[in-house]
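*Asks:* From first to last, the protein sequence lines are chains A and B.
Residues in the first sequence are numbered consecutively from 1, following the UniProt record's numbering.
Residues in the second sequence are numbered consecutively from 1, following the UniProt record's numbering.
Derived from the structure by calculation, the hints contain no laboratory data.
It cannot be assumed that every hint is accurate.
As the list claims (entries may be wrong) - Straight-line Cα separation of at most 20 Å, EDC-like style, residue types lysine to aspartate or glutamate; simulated pairs:
hint	chain 1	residue 1	chain 2	residue 2
1	B	K356	A	D357
2	A	K212	A	D223
3	A	K341	B	E133
4	B	K202	A	E140
5	A	K212	B	E32
6	B	K202	A	D87
7	A	K406	B	D42
8	B	K172	B	E48
Stated by the list, open to error - Counterexamples of contact, computed for chain B against chain A with all Cβ distances above 12 Å:
hint	residue
9	T6
10	E12
11	R63
12	E73
13	S132
14	E133
15	N159
16	Q291
17	Y339
18	G395
Every residue gets a Cβ at the ideal spot worked out from N, C-alpha and C, and that includes glycine.
2 protein chains.
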Amino acid sequence: MLTRRTPISVTEAQKRVQSIPLKTATEIIPLEEANHRVLAKDVRAKYEYPHFRRAGMDGYAIRDTDDNDFPKEFSVLGEIQAGATWDQPLTPGTAVRIMTGAYVPNDAAKVIRIEKTRPVDGNPSRVQIMTSENKSNITEAGTDVKKGAVILSHDQEINPGGLAVLRAFGVKEVEVYQRPRIAIIATGTELLNSDAPIAPGKIYNSNGIMLKNLVEETGGRVDFETQLPDDASTIRKVLNEQIASHEIVITDGGVSVGDFDYIGDRARQADRLLFNKIKQRPGSVTTAFVQDGTLVMALSGNPGACFTGFYLYMEPLIRRYQHQSSRIRKVRATLAAPYNKTNGFDRYLRCRYAIKDGRCLVYPNGINRSGSLANLQTTTCLALIPHSTTPMQVGTETDAWLLPFK
Amino acid sequence: MLTRRTPISVTEAQKRVQSIPLKTATEIIPLEEANHRVLAKDVRAKYEYPHFRRAGMDGYAIRDTDDNDFPKEFSVLGEIQAGATWDQPLTPGTAVRIMTGAYVPNDAAKVIRIEKTRPVDGNPSRVQIMTSENKSNITEAGTDVKKGAVILSHDQEINPGGLAVLRAFGVKEVEVYQRPRIAIIATGTELLNSDAPIAPGKIYNSNGIMLKNLVEETGGRVDFETQLPDDASTIRKVLNEQIASHEIVITDGGVSVGDFDYIGDRARQADRLLFNKIKQRPGSVTTAFVQDGTLVMALSGNPGACFTGFYLYMEPLIRRYQHQSSRIRKVRATLAAPYNKTNGFDRYLRCRYAIKDGRCLVYPNGINRSGSLANLQTTTCLALIPHSTTPMQVGTETDAWLLPFK
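Please take these sequences and the hints and turn them into a complete structure.
*Replies:* Pasting the structure below:
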């Protein structure tokens, strides 16, 4: 069915996707699985840190009143290994051998490093201390963190250093934002199963594996992925089922202007059609709608358009589900090699970039038609070629978007 | 046992770690598991791409000899959907309805977009074509990639775009470098199990979970992790077992100058001691040795020193196992807030950074003693405070290392 579509700008389309209300939820997960998840709540210290007076050096713990008139001999009451405690009083003229990280007796004021002591021949229960120390070599309890202080904040993405902090405070589980559940549906009778031999007219579903991995490295969770032939009732049935159980459904294919515009047909009947035409190349037919609170993002089946559409619309939304901003960095850049095509719509050109003398230089990356895919591995940024009737000159400044994990 | 150690520079220590011979191997894995793995061999196109003449638009395919004298009516021989083939000849005055992405008949020269046609009332087997097209709207076979061309190169880290390229060429498995097998051994009688209640003199093993996740996000594979009390024979036994089955063993703790320097003792008996003292703070006792071809990296048990030591020595080595350079970016930076301590050795200060007007500004991040850990989550770079007897002035330029995934 041919229907008139009203194209909107990329910025407006991005705004419409980013402003949909989110079905966010939190979940409690073991700390072992929390790297790069995002905290939903502040975590506070259950105790001070260090939670006991701790020796910073290997040496001998002595009382304040004995910290004078060196060199002199001390009687050694015993040894405190790391992990042990000590409850015997230090009397005048006595010292306790102590290890780095060990519990320091309450009545000790200083740890004299072992390098500043000498053994007393034939008597392991005595030691000669040669000089004092400027520092106590004791970390007082609570030096780093007071009890009740926020140790990690909500909306922080936990990293390995953060895991160490949480474990140090005995945290075993954390409350994090759920990753959005995302279904991926590729449509097209031309799609082969990956086990089938290649055949004329047929292609492999290259968008499926690309979208699944893009979603997952962005922080989404793909728990449904399929490919469907161009059959209206099957597509409608599967689409409706997945809408019911996912925060986001991404489709690719089935949004051309032709007879098999099944996704486009569904979009026109949705609770809310966000757009079905965007002033962009590649991917002008990119369509989005909301049904029962689920966003359906219908990307073009063309690999280049599918790739570009993911970064323009899906990456920021999936990050928003994690209360994080996009990892794509928008910069001013300079076109550093010729690109001669002109466009009626703005083109998001697949490029490589290099930073030279503080400037970002962008180089068109091989074949840039929307149906080509050979450059998807090596593309590291998208650069804007504004719509124009004359080619953009080398050296012209433009916007570029540096892609993450590339 | 107190033994004299000869400190070396950080640069020399890094060079010694980076120059050890690697026990590299490759493995064949399914494409579905290959995101961010590194190809060990070039992958070549088994067929050209597109592998058939492909329609770029929905419309009508016509012969070259009919591409004139518009508007005129054509007899419609049938329809070619995406995924189908066609073997009937196009005779003069005939057209075939064709979908985007579909197989184009050999004798068709052009696809006239549907927007340039009109139906003929009451006769679905006829169509009126109003005007011609400047372009053929056909992508010739092999336009993007020739048969036998390299589609992805060895030593490339595969990304989702690369997965799409590989899948498009029917690739089901790829040969990649094995991730190094890494064992992590924490030592110290003070270490509690994560399920035990906190107790005086005891601490949780915060380094273990940190190192495991740092290793894994760097591309290593942790298949053994344990914590051991300060018992010489147990430590020696476990260490030797893990050396036999791993490319790298990382230990933390047990390298102080005190009585429990069990890892240091083992290092002195190794095939090759790389170093056991480095001119750095924190972590001057950091030790490395090679035994039976396995690198043992003995990091300090102090959280800050352990964190710093991982980035200085382990991250580049694990990346080298993947034939990749370090993800840590060394930049010139400016100290932007006071840091008043002086050091006998160069200090790698845990900082946050901000880029302002093209300059990298570094801000000391909270408490920077080697035993403190509260700042490990929020530290985004290490900045060099060279050894000196006077504090470094705010505004001084220095080296900084920007940490990945932070």
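*Asks:* Run every hint past the structure and note whether it holds.
*Replies:* Comparing the hints with the structure gives:
1. B:K356 - A:D357: Cα-Cα ~15 Å, so holds.
2. A:K212 - A:D223: 9 Å, holds
3. A:K341 - B:E133: Holds: K341 (chain A) and E133 (chain B) sit about 17 Å apart, inside 20 Å.
4. B:K202 - A:E140: Answer holds: K202 (chain B) to E140 (chain A) is near 15 Å, not above 20 Å.
5. A:K212 - B:E32: Distance of about 9 Å is within 20 Å: holds.
6. B:K202 - A:D87: 15 Å, holds
7. A:K406 - B:D42: At roughly 19 Å apart (the allowed maximum being 20 Å), D42 (chain B) and K406 (chain A) satisfy the hint.
8. B:K172 - B:E48: Holds, at roughly 17 Å.
9. T6: 16 Å, holds
10. E12: At about 24 Å from chain A, E12 (chain B) clears the 12 Å cut-off, so the statement holds.
11. R63: 20 Å, holds
12. E73: 19 Å, holds
13. S132: For S132 (chain B), whose nearest Cβ neighbour in chain A is about 19 Å away, the distance exceeds 12 Å, so it holds.
14. E133: Its Cβ never comes within 12 Å of chain A, the nearest being 15 Å, so this holds.
15. N159: Violated: least Cβ distance 6 Å, not greater than 12 Å.
16. Q291: 25 Å, holds
17. Y339: 17 Å, holds
18. G395: 20 Å, holds
Hint compliance for this structure: hint 15 is the single one not met.
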